[in-house]
Amino acid sequence: MRSPAVLILSVLAGLLPPPEAGAAPVDFESEIRPLFEKKCISCHGPEKQKSGYRLDVREVALTGGESHAPNVVAGEPDRSPLLRFVTSTESDERMPPKGERLTAAEVERLRSWISEGAKWPDTASVKLEAPSKWWSLQPLARPAVPRVGLANPVDAFVLERLQREGLKPSAPADAQTLCRRVYFDLIGLPPTPEELDAFVADRAPDALERLVDKLLESPRYGERWARHWLDVVHYGDTHGYDKDKMRMNAYPYRDYVIRAFNTDKPYSRFIKEQIAGDLLFPGTSDGIEALGFLSAGPWDYIGHSEVPETKTDGKIARHLDRDDMVSNTMGSFCATTIHCAQCHNHKFDPITQEDYYSLQAVFAAIDRTEKKYFEDPEQTKQYGVLEGALGKVKGSEAELVKQTEKQAGEGLVEIDKQLKEARKISDPGGTPEQGFHSAISPVQDAVKWVQIDLGKSIALIELLVAGCHDNFNSIGAGFGFPVRYRIEASNDPMFQQDVSLVADRTNADQPNPGTSAQRFKLGTTSVRYLRFTATKLAPRKDDYILALAEIEARSADGKNAALGAAVTSLDSTEAGVRWARKNLTDGIYPGHLKSAANVAELEKRRTELLREKASPEAMERLKTVRAERTALEKKMQGFPKPKVAFVGAIHNGSGNFKGTGAEGGKPRPIFLLARGQVTQPGREVGPGALAALDFKPARFELPAEAPEAARRAALAEWVADPNNPLTWRTMANRVWQYHFGQGLSETPGDFGRNGSKPSHPELLDWLASEFRDNGGSVKKLHRRIMLSDTYRQSSTSYAGAAAVDGSNRLLWRQNRRKLEAEALRDAILQASGRLDLTMGGAGWQDFVVEQPAHSPHYRYDLSDPLDKGTFRRSVYRFIVRSQTQPWMTSLDCADPSMRVDRRNESLSPLQALALLNNGFLLAQARELAKRAEGEAPDMNRRVERAFRLALSRSASPAELEALTAYASDNGLANTCRLILNLNEFTFVD
Amino acid sequence: MNTSPFHSETGLPLLSRRDFLWQSGGGLGGVALASMFSAEGKATAAERTGSPFPKAKRVVQFFMAGAASHIDLFDFKPELVRMDGKPSDFGEPVEAFQNGLGPWLKPVWDFKPYGASGKMLSEPVSALGGVVDDISFIHNMVSKSGVHSAATLLQATGFLIPGFPGAGCWMSYGLGSLNQNLPTFVVLPDHRGFGSNGIKNWDSAFLPAQHSGTIIYPGTDSPIADLFPHKSGDYVRGGGEAAAHRTLAQLNRMHAAVRDGDDRLDSRIRSYELAAKMQMTAPEALDLKAEPEHALKLYGLERGPQTWSKEINDEEESFYFAQKCLTARRLLERGVRFVQVWSGNDNGFPRRNWDSHEDIRRDHGPLSTGMARGCAAFIKDLKQRGLLEDTIVLWTTEFGRMPSSQGGKGRDHNPFVFTNWLCGGGIRGGVTHGESDQWGYKPLDRKNPTQVYDVHATMLHLLGLDHTKLTYRHNGIDRRLTDVHGSVLDQLLA
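Residue numbers (this note's numbering), protein chains in the order written: chain V, 1 to 989; chain D, 1 to 494.
Simulated from the structure, these hints should not be mistaken for laboratory data. For clarity, every value in this text was computed on a predicted model and none was experimentally measured. Cβ atoms here follow ideal geometry from the backbone N, Cα and C, with glycine treated the same way. Honestly, I wouldn't trust all of these hints.
Here are the simulated distance ranges between beta carbons [what the hints assert, rightly or not]:
#, chain 1, residue 1, chain 2, residue 2, range
1, D, K447, V, A24, 37 to 43 Å
2, D, K409, V, Q407, 36 to 42 Å
3, D, Q98, V, Q680, 21 to 27 Å
4, V, E399, D, K86, 38 to 44 Å
5, V, K98, D, K409, 42 to 48 Å
6, D, D221, V, G840, 35 to 41 Å
7, D, Q491, V, D27, 41 to 47 Å
Can you build the whole structure from these sequences, using the hints too?
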């Protein structure tokens, strides 16, 4: 017998001879299976499938193994990675990675088993259910309605199931309860007392139907239901991550969603516009604004703007960016947990890693960017053509520049190095010290001044004022140079007396001088102080400033008396080294004489060198291309001011964040990443969707010349296909959820094996078919659901059913629902009479932004609760990701950093404090009190009125007694605060 | 009247309130009383490690936002001193965040040995010398990203993207609360504002909201949001609050009386009672003036706030950091489970965080002096009160800084290696786990670095939780704080 050590060595060397003739063949059942169970199954079995591998299922064991697959090569132990792992001593390879190794004898039996053909009897394998048998992947067909004597199909499905379980439905809710429920469900606001009275008085059999129809026609309906959709797609108005910059142009997407619900846009079109509206519905505003879906989620701005795609961190940022788009698309529309297939095949659902990366390939050309468009679709089209052409021209220009520079050789490299140095001095873009920057003004005609103290009175002959160069909003040279200004000199620091005017440019707008220094002659009197006053500020993006790089004051001897002089100003943005008062007299500014001359000289030499060394053809082409670029840019300047939306689209950028614009929108190559690591790319994959579904080819065959949008269009068609089994079920379930508080499937974002199976699969399929076959009308779906008796049931619990089905999955009653943060807030504003129903446009902000230039701080505590701008509906709130609105957050508002298919619902002391003490609530309670005072003559009736305004119904005598007793001691405002804190105000029966 | 045959089926009596009490949830979301500041955690016996007496009950995490330099504080590299000023050469191409690959730069301060362990500490963190034998250092931490936001999320939540619960949320979820009147997880942000990602580093994401970190600003007029009425509610009088609560409860009970079987209604009534208790408890917990003089002296807080210079300075940093440390101790003492203390604002200018691209001495000097004084006082204080033995102290940051210089005096990001340290709560003091290479550029043993998952796994282990079993299903995955990684760092266990 061999010693174990020798045995292991020989296995390692692959020298072990085949089993001796006559040795008993290995029995899988009694020898190998127990071995797997003892050593492997805990990580590669039913519980876990590390690397997607499991040793309890024959097919997977024999064919799987990710990059090593197949792990077992029948008959060839030396080519079977499995054997290598169990014998390896390498820490990153050995199996099991920890604990006891296989004994030599066990290894030998394993080896023999493989040699003998890895025989694995059928009976010894766990059977995996065929993936396509899963309920949500079945073709969608309309089930027969159960015959239980009910006309309404929804009720028939529900009753049939209740009967099977021996349960009975609840009585219908009374008119008052039903009315409040319907209002909140459809428009997210309570009925006014008058609306409630009217409905209660309406005895006609179609009273509910007419109410539902009326509310579906209200613009408030779209606002209510858009908010649900915005939860799902994780819409926000800032990027999130580090520095959390504002997205001033995200709102067109929010308004698009509101419009889509209000106009009952067919669902398939709603899908297609959001994925590929630009290509499928060219020339429409909706087709562009809808693309805000792709960019709705958080975005690592720094990972893009400061790190190029060539670096690992840049690659990770862009990979995660696409991951968000893929997850948003498949989660929102198809209730698929696609993100689980990023590192390995999905462990529970038939989704391969290739599917995942095929979906990434769909979005491979786009980034989150601002897209310009016009009211007139023809202009949008033309502008788009120009943008595309410009992108291409810029691409060829860059290519030619690269080519000619290469031809110019080392000499050019040297000149460029010197140029860079010289420019560093002359261009504050190259040095950190930019200049002086006033505080930002919201208006252009604010007067701002900056002044210099020369330390003593000096006779000056000339002043020089130099502009800045900052690329903020592509402004560049002359950044912050005011449109109108005057310069004065004095010996009085307050400039009250003895003031001489050096220059007055306040009567007419001045052309921006860029960075070319402005010179002004002075008289002969000696002065100590110089003051520069702007009377019309320089425009930035949406605001106005004064910025100057340098002021020089030359005395008769030619010296700059201002160098290092003290600077004061009305206000200043002190932003580190870049912007500071002292930068105004630091001798650093663009076009600084000496270095500017140097730059000019070097540029001249550069041009000569290129002329000499580069091929004349290339230089000629470069000239042509540059002329084309100028011509294109000029044409684009001729357009009116475009509208702007933040969307998923081709980005035409520069620096670290180039996008694909310069490449004409060519998609980036997408590789299957081993373990999801950007450092481990495998083979390249093309665009596609889920291969396990066969209603349509899941790998998109597109002509090579197809634009990138064709990939998105193919996905849009795939998702919106009437035969896609997931799409219609997903939306029908979502709509149901918002009417009952829980979906027929309780996991609206996961119809896979880890999700919840529907409580009423036939009902869900019936609703989904109905929805699909009725033109994808969401409004019709609402009617179907809300006009059922199932919906109208009382929400009160009863004993027998609660014992059997406590969570009401079987729908033996309606569910009492807790109002979402938005509905609660809007209801408060409606009660107080302060709700402003203005629709659309930029989001209202209930915070003050500090330090907007770098990392904005969103200070909610500094906002005024009585700011009328904040009285609009909550759906129009400007949504910050890094600092979510604390009060709304305490009320379980959706987190804009993640897709929210269903909101959490919590109750806590912190929530109670938020409702008792927050400025918004306290201010509105007082407004409600004021309103009640205006509408009723005495305290008792005021309390009664306030109660009705808040809860729609009249207070009972007992309620009124308690409230008026409290009011007599504590006043009406306190009583209103109390009413708004009632359980009844927060819950809807 | 509705005459549908659907409803004609109805007829069973309502369930009595008492009969219903055994039912949990009563419907949506299952929000039960037990989930508010609950003494019961989610973790069942199966999810615990099996140890009936976990070593630790509480955690305090110190987070240095902006990336603190291991090289200049805790991880002494004589080789760098020797090679100072020579062109850096890493023996391989390096992708630095801002290409800060200037000459080697020696630590900007001198190091000296401290304690019985002889651990080398640099001058600004020398205050930790007195407790260094209680501390265990990990010098081979690695990150997966060199971008602040993603790397901060990784250390705080275990994931590179937002949308995952902070470590404190998981502990609240797993273990529940040790008190009735204060939140389970408290965050003490830098007094100047949030670091990268803001609240995404500590909010509950998909876990129930009561596990979110509650922000407290010690020493301010309004340390906890909405604890007391906002000024726009000047009509609210303290004297009327009892009546308000009484009336509210009375009306809510009337409302609930005809709505059997929904314990959310009771829970909400109870939440107002707890809120009133919290109004009593929190101000007391946050009142540092209640501390005896010797305690204030220990933390260097005896003089109170001063007028500080505009430039970043030692005294101001020390004051604010110590204020948070003392607050943390008072909260832990009163049963808060997890306190997260932040040092460093966002990555703006002028630098008020650890992201010293320009000048290590200028920013790291005051920040680390303040941090070390505060941490040292905190550890001593816990020790003398007997709290250190069941409180885990973790010091972390999102990544380290390069051994090469940037612009002469600064250092670029180093996600390839950095330092964490732990003490208390079952951690063995005076040991070092894992080393960095001679430069402090990468782990010495590149194949076996330590990751945040290991630190989190160890922490959970000491709290009596198995990190692979503390899960929450979200979007198709049973999510864990440690994703699919992590092993307990046995060497660190006492």
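Hint check results:
1. At roughly 41 Å, the beta carbons of D/K447 and V/A24 sit within the given window of 37 to 43 Å.
2. For the pair D/K409 and V/Q407, the beta carbons lie near 40 Å from each other, so the given range of 36 to 42 Å is met.
3. The hinted range of 21 to 27 Å is satisfied by D/Q98 and V/Q680, whose Cβ atoms lie roughly 26 Å apart.
4. Between V/E399 and D/K86 the Cβ separation comes to about 40 Å, which falls inside the hinted range of 38 to 44 Å.
5. The beta-carbon spacing between V/K98 and D/K409, approximately 45 Å, falls within the hinted interval of 42 to 48 Å.
6. Hint check: D/D221 to V/G840, Cβ distance near 38 Å, so the stated range 35 to 41 Å holds.
7. At about 43 Å, the beta-carbon gap between D/Q491 and V/D27 stays in the expected band of 41 to 47 Å.
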